Structure formats: structure tokens, C-alpha cells
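Start from the sequences and build out the full structure, keeping to the hints where you can.
Okay, here's what each chain looks like letter by letter:
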Amino acid sequence: MAKGIWVFVEQSQGKIRKVSLELLSQAKILANEKGEELAAVILGQGIGSLAGEAAQYGADKVYLADDAKLAAYTTGAYTSVLAKLIRENEPNLVLFGNTAIGKDLAPRVATRAGVDVAIDCVGIESDAANFVNLTRPIYAGKAFAKVASPSARPIMATVRPNIFPLAEPAAREANVVTVPVSVDEADLRAILKDVISQAAGRVELTEANIIVSGGRGMKGPENYVMLEDLADVLGAAVGASRAAVDSGWKEHKFQVGQTGKTVSPTLYIACGISGAIQHLAGMGSSKVIVAINKDPEANIFAVADYGIVGDLFQVVPVLTEECKKLMA
Amino acid sequence: MNIVVLVKQVFDTEAKIVIGSDGKIDDSNVTLIMNPYDENAVEEGLLLKEKFGGEVIAVSVGTDKAQETLRTALAMGADRAVLVNDPAIQAASDEFAAAQALAKAVSGLNPDIILTGRVAIDYGSKISGRVAEALGIPHVNTVTKLEIDGSKAVASREVDGGSELIEVTLPAVFSAQKSLNNPRYPTVAGIMKAKKKELKTATLVDLGLDPAAVAGKLQILGFSLPPARKAGRKIDGEPAAAAAELAKLLRGEAKVI
Ligand SMILES: Cc1cc2nc3c(=O)[nH]c(=O)nc-3n(C[C@H](O)[C@H](O)[C@H](O)COP(=O)(O)OP(=O)(O)OC[C@H]3O[C@@H](n4cnc5c(N)ncnc54)[C@H](O)[C@@H]3O)c2cc1C
Ligand SMILES: Nc1ncnc2c1ncn2[C@@H]1O[C@H](COP(=O)(O)O)[C@@H](O)[C@H]1O
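Chains A and B supply the protein sequences, listed in that same order. Under our numbering, residues 1 to 328 are what the first sequence spells out, in order. Under our numbering, residues 1 to 257 are what the second sequence spells out, in order.
Be careful, since some hints might not be right.
Mimicking EDC-like on lysine to aspartate or glutamate, the simulated pairs with C-alpha atoms at most 20 Å apart in a straight line are [said to hold, decoys possible]:
hint, chain 1, residue 1, chain 2, residue 2
1, B, K152, B, E50
2, B, K145, A, D246
3, B, K255, A, E207
4, B, K230, A, D246
5, B, K255, A, D295
Don't read these hints as lab results, they were simulated from the structure. Please read these numbers as outputs of a predicted model, since none were measured by experiment.
Below, the structure written as C-alpha cells:
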């Protein structure tokens, strides 16, 4: 009989990613309702101190796999360890953040466990018959599918960042279980040769609470400095439309939309973006949308909560200054 | 070099999604295209063939209509194509079955390299990783550069906050990011030639799979559309005054900054 709810807690350089804490927070509510135990699974090296933080966000139990082989994420080693742990403990539900690592790891672990995985879920509802029903966007957010796994266990899902609120950390302790680490030979066929990090400081687009995004109206790459300034003040990430990416002003990884990233920030500020269907697909679920565009007929205004019809080159610098004052 | 490219037929990005009276997604008025990232996968396959020789085989799981997408791959320059078409695989919704079927079809072709798109813009179900796992081989996703040296490949892949260089032993699966290359357009001659190239169709049983054994574990309970957004407030006035007003509203009313 399967039992327990698990959250794969993603850490990098000894810091737990926010989405993992969001998942622990939400899974705790579900675990209480179901009368199930909530376990955090943490893989890495020198990560013992993270167990306490996982407990504060709701974990009753922490599976800790602490080993040099897990220092950097590799698909093979992480799959090996996690798949074994699942096989031995038979959880009911395993949740991952829908991050680069989550999207890489979850499908492999699921396939090895002989089950499906629901990708990029934005809703988890408790269900008496199915344990949970999951809601996932399809067509980059133009529609949603509600899915369930009536009998196969574990149910596996990756969950989008910024969907669930963080719990207030509580003074609690978890039962820490040390996981023996052994990696199957066959899982060592991909070798991580090098990691090239970008300048740190900016939050990842899909995880950002606030996104400042620029389109063709930015006129050129040099003008993104203006958006960077606003983003600095707001602690935001900077995105772009495809027109800006195709013009070579921003790299593809900053593209928001159906063929870029799908984002759900609290605040999305679209500057010089017309609001094409492919762009709206990627950001239409943002909580608050602001549009700054000189064309009063631009489609983006049809979805914007606040709109300024005007020249972004005049509006954005003032907005930056005003925000700075308000937030001082 | 045996190169297999997985291509999926998807709705055009312009498509508005409509839920039909049967509760399913209505595909009657949509234009179907090759998944945009799969164009990059085909292109990479063709570039590898130009360099190392061999054959490029396009494989798809889909309905009869997916033949068009395979013909597009053939017109771009792929040598032959295989369509796995079986009522037991509800094309887009049954991801588990689709992944198992793709893995089985691919393994029968003895590939050195399998290329896929970074994501399918309809369901985005992480099929590539599942196919790789079912085949027991490595997978590198979001690949921006691929270099082959004998039985080894070195790929750059995008990760959150940077990139990684990964070395794998072949065979392996690589998923193309857009910046990997610039897909070629099919030429008129290419389109003519494509008509005569081999396009085989197979069912699950033809592949040696038991439809019951690969039945999906996740079921779709229903579809819904996002709530329509309404146009909100336009802030009038001079740019500077409007910007100041906006900052106040974001702070005081929307409480998002
Ligand atoms: C297969 C396919 C996939 C696609 N995928 C995506 C995707 O993922 N993401 C995406 O974004 N697009 C995507 N597109 C492209 C999409 O159709 C649009 O072409 C694109 O979103 C337009 O970008 P834009 O709004 O920046 O440019 P435009 O549509 O040219 O709009 C620029 C806007 O800037 C305004 N402007 C100009 N100057 C100023 C100024 N000084 N001050 C204020 N406003 C100003 C103009 O009024 C205009 O509204 C895709 C298209 C296809 C065919
Ligand atoms: N039904 C399918 N037929 C062929 N290839 C597919 C199919 N589904 C997914 N793929 C391949 O897997 C890639 C990633 O798809 P997905 O994992 O669904 O985002 C696509 O770009 C295709 O290369």
C-alpha cells in the first residue's frame, strides 16, 4: 500500500529553491487533510543543514542523500538514487518544481517507476477516489487539462513556481533519514564536463515574482538598460517578446510566449509589446498585467489591468524613480 | 550514422482553443504544423548526415493527418519516415503510450543519435526524457550546440542560470533548443522528391507492443479554458504623471510592489 507525500527539494549551492518551499507549504496542507506523512527528499553534498529548513516548511521526514557523487546535478545519478528510494518506500504522490532540473528528472524517474508524470501543474486538488486531481496548462496556457491517476502509484507531477503561497516557517523538527547512495553503472554515461554560470543576481524568469518585459517597441538592445534599472528596483526578472529575440536584442531563453517560457508572476509589465496571441499564451495567467504602449489599439490593453498609452521612453524612467521612492 | 528525428504534428500557434460539445478540444478549424522545435531537430539531423553520411529517419506518433508533417520532414531532406498510428494511443493525451511507442519504434531503427524538439507546444509532456529512459540511454535537453566525435558527443545545454557542457556516449537523445541552428525551408524539388520517399505506418501490434500494457496511467478528466481577462484601467495624463500614478496604484491598490 502506497503511503506518504513527497517533495523533491531542489537545492543549489546549499540553498533551497523557492518553488520547493512553496511545494512543501502546499503539500503540508494536503498531507494534514489526508492524514499522510510529508517527506522532503534532498540530494546533494554537504546539505545536512537544509533538513531543518524543510521541517520548518512542513516536512515530517527528510530523506537526505548526501554524497560527493551528487554534488552537481546529473540526470543519471539523481535518477538512480531517487528511483531506488521510491521503489523501496512506495509514496503516494511525488512533487517536483517545474524547473530545468525538475523537468529533466521527473520524466526519467517516472518512466523507471513505470508511471506517468503530469508536467507544469498549476493546481492540485484533493480527491477521495483519485487521491488528487491535477490541473495542467496545455497549448502554453490557452487551455487546461484536469488529469488524475486513478490507480497507478506514485502519482508524479512537476508544479509551476509562484502558484502556491509560502507558509510561515514554524519551529519544528523532522525525522532525518540518511539515504545510502549508490549509482547504477548505466546511469553514469553522461558526464558533466563544465558549468558556465551567468552573472548572478537576476532571478530566473519562470520563478520571478515580477517580470519587466520589452518588445519591438524597445527599438534596440541598448535600451534594455532602462528595463534592467526598473527590474533592479523591483527585484524583477527581465523578459522579451519574440520580436525582440528575433531582432537579436535578447537571447531566446528570455522569450516569453508559446514558443518561449510560460510565466505566472504576480506582476508583469509589458513595455512596447503589442500582445500577439503567442505572447499572451505565455503570460496571460500573470496576476496583474501592466501595459505601456503608444498605440491605444494594441491588443495588450485588452488583458492589462493597468495601461498607459504613451511613449515607453518617457514613462519607464519615471516609473523606475517613483517605484524607488515608494519602496525606499 | 543512423539518425532518428522525432517530429510531432501540433496546432498552429495562431490557433484559438475551442472546446467542442463532446468536451474535447476541437481540432476541426485549426491549421496543423510541425512542432516548431522539431524543425531544429530535423535540421540538426540533416547537418549531421551532411558531415558523417548515413540516413535520417523521421518518426511520429499521431493520426493519419500527421503524414503531412512527416512529408515536410522528408521535403526538408529526411530519407524515410515512420508513422505510428494506433487508436489505442489518443495522439496528444496519452503520453505514456506515446513515449513507449516512440521508444519501441526507435529501437527498431538502431539509431546512433535521436533528435527531438525541446518541447512540444501543445502538451509539452517531456516525451524525450521518457523515450531515453525507456531505451536506457542518456538524454541531453535544451541543446544549443552539438559536437560528435566517434562514439562520443559533447552538447551544450541551457539550464536555469547558465549552461552546461555534457559529454555522453552514443546512442543518446538530444532535444533541440531554437538557437541550435536555422531550419531550412523545403525547396520545390524537395517537396516533389518527398512524395516518392518511403512513409511506413505501424500499429502498436506491428511494433510488438501490447496496447493494454502501454495504456496510460494518467487520465484526462476534462478540459477548461482560462477565465477571460478584462481590460482594466487606462491611466491618462502626461507620461510622467501617469507613471507616478501607476506606481501608486501598484503599491496601494494592487499591492504587488
Ligand atoms: C510559430 C510562432 C511562434 C511564436 N511564438 C512567440 C512567442 O513565444 N512569444 C512572442 O512574444 N511572440 C511569438 N510569436 C510572434 C508573435 O506573433 C508576434 O510577432 C510578437 O509577439 C510581436 O512582438 P512585439 O509585441 O514585441 O512586436 P510588435 O507586434 O511589433 O509590437 C511592438 C509594439 O510596441 C509599441 N511601441 C513601439 N514604440 C513604442 C514606444 N516608443 N513606446 C511604447 N510603445 C511602443 C507598438 O505600438 C507595438 O504595439 C510567434 C509567432 C509564430 C509565427
Ligand atoms: N507524438 C509524438 N510523435 C513524435 N515525436 C514526439 C511526439 N510527442 C513528442 N515528440 C517529440 O518529443 C519532443 C518533446 O515533446 P514534449 O515532451 O511533449 O514537449 C517533441 O519536440 C518531439 O520531438
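Inset, instruction - Find the hints from earlier in the document that the structure breaks and name them by number, from lowest to highest. - result: 4, 5
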